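Enquirer: So the chains spell out like this:
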Amino acid sequence: MAGARRAAVVGIGQTEFSKNSGRSELRLAAEAVRAAIADAGLTPADIDGTVTFTQDTNDELALARAVGIEEIRWASRTPFGGGGASATVEHAAAAVLSGMANAVVVYRAFNERSGHRFGQPKEQVTSPAYNFYFPYGLDAPTKIYALWFQRYMHVYGLTNADFGLYSVVARRHAATNPNAWFHGRPITLADHQNSRWIVEPILRLLDCCQESDGGVALVVTTEERARDLRQKLVTIEAATQSNLIGGDVMFNYYHPDIARFPEAEHSARTLYQQTGLSPDDIDVALLYENFSPIVFYLLEAYGFCGPGEARDFIADGNIGLDGKIPVNTHGGLLGEAYIHGVNNILEAVRQLRGTAANQVPDARRVLAATGRSAVILGTE
Amino acid sequence: MPRVIHPVPDRDDAFFWEAVRAGRLVARECSACGRIAHPPAPMCAACGGGEWVERELSGRGTVHSWIVSRHPSQPDDAPRIVVLVDLAEGVRLVSNLREIDPADVRNGMAVTVFFDEVDGCWLPQFRPQRAAAGQAGGA
Ligand SMILES: [Zn+2]
Chain A
31 MAGARRAAVV GIGQTEFSKN SGRSELRLAA EAVRAAIADA GLTPADIDGT
81 VTFTQDTNDE LALARAVGIE EIRWASRTPF GGGGASATVE HAAAAVLSGM
131 ANAVVVYRAF NERSGHRFGQ PKEQVTSPAY NFYFPYGLDA PTKIYALWFQ
181 RYMHVYGLTN ADFGLYSVVA RRHAATNPNA WFHGRPITLA DHQNSRWIVE
231 PILRLLDCCQ ESDGGVALVV TTEERARDLR QKLVTIEAAT QSNLIGGDVM
281 FNYYHPDIAR FPEAEHSART LYQQTGLSPD DIDVALLYEN FSPIVFYLLE
331 AYGFCGPGEA RDFIADGNIG LDGKIPVNTH GGLLGEAYIH GVNNILEAVR
381 QLRGTAANQV PDARRVLAAT GRSAVILGTE
Chain B
169 MPRVIHPVPD RDDAFFWEAV RAGRLVAREC SACGRIAHPP APMCAACGGG
219 EWVERELSGR GTVHSWIVSR HPSQPDDAPR IVVLVDLAEG VRLVSNLREI
269 DPADVRNGMA VTVFFDEVDG CWLPQFRPQR AAAGQAGGA
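Just so you know, the sequences run in chain order A and B. Residues in the first sequence are numbered from 31 upward in steps of one, following my numbering. Residues in the second sequence are numbered from 169 upward in steps of one, following my numbering.
The shape of chain A in the complex, shown without the other chains (with noise of 0.2 Å):
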């Protein structure tokens, strides 16, 4: 998008994040929206745009009255789930550039750990797209992945252990911010290892997402609108989503590789293409992780290592705080929490407005990507 107008992220708000809130997915809502207008600087009659997910439990005139929103001019929704997570960030850029909302709010907020848990096997099948997997017993998201993680390792040689090698690292980012869960709480190799097995002989507890409660939010105008307020500019560089024929978002077992993923490719190529960036020019990757193999995918699709090579990529140190590419350097969603991939986003940020907890020296360029959905995020 060079020469391009561009938007902009200019608040970023959340509450805790916990295993029980003791407060409604609305209340946390209304609290990191509230949070992420003041941290921008803006009071609530200046949002005229909400996007969230489709999933998310609060509707839109429900948040305004609570929050006091006036007017909403622009409300969408995105697709997929956590998929979708950096899709929300290419809503709002389009809803602002066009002209259709002055400031948008993205927000996503439940009560994932004390409410309804994502990860519980299902009892029943609630879409005829069901019908193919779920009597088969394939009836929980661990395992729904793990059919394709496990051809993953195959092809590459790999055992469970090798996926441990990213955990210590998410754990080593958590344990020293303060907003983490598992702040203070490191673990080893060993660890993880002897964590009990999810579904053998792929997923380990310790290779899979936290469940939480909790709220984040961020709010997006244009670049120059930017300008005149109080936060160091993060610019939306690019925003894209991939969503390929014959791909699924969970069984995602047709396409002919399905030890890569051809959905993050495309994402990659376009951001890349957008930009004029290659992987060499991103300084800090946020990289969604319901469970741990999807970095190795993801570091393989967005170029930062070549198919096949994450385990040794990870394995010589690359991913950490001082390595080539520093990877969920809050912990992602294994260590600090699993806001659906959107807390992710408010890390790119505070990475570029260089207030992380664990800063990487003048970050400059940020990637946070799902499987299907990614931004790069910039300042100057």
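In short, the hints are calculated from the structure, not lab data. These figures come from a predicted structure and were not determined experimentally. Check each hint, because a few of them may be wrong.
Residues from chain B shown here face chain A by an in silico Cβ test under 7 Å; the list is partial [stated by the list, open to error]:
hint: 1; residue: 175
hint: 2; residue: 188
hint: 3; residue: 189
hint: 4; residue: 204
hint: 5; residue: 252
hint: 6; residue: 280
Computed cross-link-like contacts, SDA-like style, restricted to lysine to any residue with a CA-CA straight-line distance of at most 25 Å [stated by the list, open to error]:
hint: 7; chain 1: A; residue 1: 262; chain 2: A; residue 2: 218
hint: 8; chain 1: A; residue 1: 152; chain 2: B; residue 2: 291
hint: 9; chain 1: A; residue 1: 152; chain 2: B; residue 2: 266
hint: 10; chain 1: A; residue 1: 152; chain 2: B; residue 2: 270
Cβ atoms here follow ideal geometry from the backbone N, Cα and C, with glycine treated the same way.
Add chain B with the ligand to chain A, keeping to what the hints say.
Expert: Just chain B with the ligand, lined up with the frame of chain A:
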């Protein structure tokens, strides 16, 4: 016996489950261009056709990937091996692999379909393909 979540067929996939109850593994092929759609779709993505012919599949294939599925909160339920099978016809489908110890499962091993009623639900299941002699295999 494992607890099975029963499929709830709709107009686009009822044919598959009816065939399974009759001991046949089938897919729908576009009557205009011959493309197979699995999982089933209401329209052919290649040509826009909406007419289908049922094609009986060989039921022979290889293991593309596999996991052991346990029910975390009902540990008494028997674990099941879930497999992603590459069928000879180029169709990939999810099923279970039976009559084998998880320690002996290998990617790429040859498997053959059979049909079984599990927890009141007729499902296509797979077992290792055996050398010429021995079981006839299939139902
Ligand atoms: Zn056709």
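Enquirer: Check each numbered hint against the structure and report the violated ones by number, ascending.
Expert: The structure breaks hints 2, 3, 4, 6 and 7; every other hint is satisfied.
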